[in-house]
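Position chain R relative to chain U; hints supplied.
These protein sequences, in sequence, are chains U and R.
Take the first sequence: its letters are residues 1 to 420, numbered as in full-length UniProt numbering.
Take the second sequence: its letters are residues 1 to 298, numbered as in full-length UniProt numbering.
Treat the hints with care, since some could be wrong.
[Said to hold, decoys possible] Taking lysine-lysine pairs in the DSS-like style, the calculated list, with each CA pair at most 27 Å apart, reads:
hint, chain 1, residue 1, chain 2, residue 2
1, U, K72, U, K402
2, U, K328, U, K318
3, U, K169, U, K248
4, U, K72, U, K131
5, R, K46, U, K416
6, U, K192, U, K303
7, U, K152, U, K318
8, U, K72, U, K318
9, U, K196, U, K169
10, U, K416, R, K73
11, U, K72, U, K50
12, R, K65, U, K416
13, U, K318, U, K50
14, R, K73, U, K227
15, U, K61, U, K328
16, U, K169, U, K192
17, U, K74, U, K353
18, R, K146, U, K227
19, U, K318, R, K46
20, R, K146, U, K92
21, R, K146, U, K270
22, U, K353, U, K72
23, U, K50, U, K328
24, U, K227, R, K46
25, U, K61, U, K288
26, U, K271, U, K169
27, U, K402, U, K192
28, U, K360, U, K62
29, U, K196, R, K46
30, U, K305, U, K192
31, R, K146, U, K271
32, U, K286, U, K152
33, U, K402, R, K73
34, U, K416, U, K131
35, U, K248, U, K192
36, U, K336, U, K131
[Unchecked claim] Per the computed footprint, the stretches of chain R lying under chain U, defined by three or more beta-carbons under 8 Å from a beta-carbon of chain U, are:
hint, segment
37, 43–53
38, 129–140
39, 244–252
40, 262–269
These are computed hints drawn from the structure, not numbers from a lab.
Glycine included, C-beta positions come from ideal geometry on N, C-alpha and C.
Here's the letter readout for the chains.
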Amino acid sequence: MSKKLLSIFVLTIFVLATVLAGCSSSKNNTSSANETNTQKQETAKPVTIKLGMWSSSPAEKKIVDDQIAKFKEKYPNIDVQIETIVGDYMQKLQTELASNTAPDIFYLDSMPAPQLMSSGVLEPLDDYIKKYNVDVNDFEPALLSAFQWEGKTYGLPKDFNTLALFYNKDMFKAAGINEPPKTWEELRDVAKKLTKDGVKGLVLSADLARFDAFINQNGGSVYQDGKVTLNLPENAQALDFYVGLITKDKVADTPQNMGEGWNGDAFAAKKAAMAIEGGWMIPFLKEKAPDLNYGIAELPAGKQKSTMAFTVAYVMNKNSKHKDEAFKLIEFLTGKEGQQFVVDSGLALPSRKSMQEGFKEKYPERAAFVDGASYAVPWQFGLYGTKVVDAANKACEALIMKQISSAQQALDNAQKEVGQ
Amino acid sequence: MEAKMTMKKRYLYEALSGYAFALPFIASISIFLIGPLIYAFIISFKEFFLNPEASRWVGFTNYTKLFSDPTVKRALLNTTLYSLGVVPTQLIIALILALIVNSDIKGKTFFRVAYYIPTVTSTVAVSVIFLYLFKADGLVNALLAKFGIQGPTWFNDVRFALPSIMMMAIWSSVGNYMVIFLAGLQDIPSELYEAAEVDGANKFQRFFKITLPMLRPIVFFNLVMSLIGTFQVFDQAYVVSQGTGGPLDATMTVVLNIYRTGFRDFNMGYASAMAFVLFVIILILTLIQRKLFKEETY
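So here's chain U without its partners, still in its complex pose:
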């Protein structure tokens, strides 16, 4: 079976090879003359822009479809073709980029963004931003900064999600708790009261995408000024508290130990009274546990308030043949008109600050997500982000499994593993 994988690997490499061969032959005079000819003909005709995206749900696809319908009303000569990538998005995109068949504009998650920005496969958008007078200051600064590299802007964030505390209102009531916890101490106390009859107060996964919020709340950081800072004492303190809820206080557990796949499952199955997740929980819970009576609050604060921002931007392929038209599409999708569709759907938060009040009005019970935006830290750790996440997750796992007892020691090992 793994031969299949090997052959995919080999095939990919071959595609790269043919592209290289194709590139060198196109330097030939006659063929490049032909190319410019066809290009001229194409601009006379309506232009087709390809948009690459993944689709987590039909609802998400619908947002983009609706946005494009509106876009076409405005720009009848620009046709938009959506290419929905199923399966491993980055894997497919990587091959497409290398073989020069990638869409003109496409989704890009903040985590792999540095690698794409630094490798020169994306078109910097600064000139277009100036040319078309786009108000980039309206974007949440933390989100925009995730798509800037060495002074250039490569993407405009289309929407985002922050982490918040989901709590089971019925369980809170039964335990005589009136308010969601606001500090770490309150979180621990509340979780203690809620832990009974086979239910844990809180479900926590051994995932940096969750405990990084705690690290930042404690004044620590994982990545700062281009350096990995996994083993700061503040980080160890935060991890100690996080893991301690599971191992020492025994008021929390991992979804796996509860026999569930992820935090959402455990919360939906009422095996935990609280869970730390993002806006994606709402459609999930609607489907999986429609009767669950829950509330959403801001994450409890440590020394300070903090949460994670998971964001996706539209970026432009460096090899796009119709860059102006492609930018017009990006501008529309991330502009106020396009963002209105994001607001209406309620699936994610609009990345423009000016649109966020509208979101809060429409979905007052989800205000916690928007309130977190101002102090959120984007999910991104530089060029070797995936390694950082691996090492940090392993440190957390080792602590939960009691393979190692000191959080500082675990993070020191992780820092060594990342090799910086």
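Same frame as chain U, now just chain R:
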């Protein structure tokens, strides 16, 4: 003179038509196998991130880096343990099953099909089923609880994750080797057994003096295939650990590590170097086996 010309012509015609028929195969082999292989070898000497135009030569850096990479070491260790566990168990069970379904038991067709079915089931589907069976509160643990045993969280336990995958692999691929053994068993001339019986050889003698020696090439073939298969283990580890190789790298295999390096970290150059080292390891192991088997046979 004229006859000679036509002979020559006909020979040429035949040769050409032969090549013409073979062309699709030759072309596809060179396009999809040899070309990429050469290209992969080239980029294993490059720093290759996403953009072919921006890649640059780094000599043997990718290869030397392998020796100090803890994840590479761990992946190699896991894969070796996996092979040591899976290969012998798998082949012995497969041989026993083949002997059973080759005998005159009732409903042997049913057993042949039953043992073979897991082989044609997708490994991903098998993995998902095993995930359900071996969940913290899954069927296996529920069964163990009946005997008062508190089962581990199998796939999430550092000690049990790899053995769980090994069990899964043995169960799902043993049918494949059974069928090949079966074909080998049916190839052994029955006269040999008849003659042995006349000479008064018992069941065990017949097995060790006739069956096993006659099966030698089949055993060799299965051994090589099984070893290559185990060194390329990927799907099970990928599904069970959700692509992470966890918990704590317990299910990190060589191919999973190559996949992650290439397609998640976009480091194609380094991943290619890993792939070539794996190729060399498998080549060496196969050559060793060949040598061992040759010396014993002849």
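Those earlier numbered hints the structure runs against, lowest number first: 1, 18, 20, 29, 32, 34
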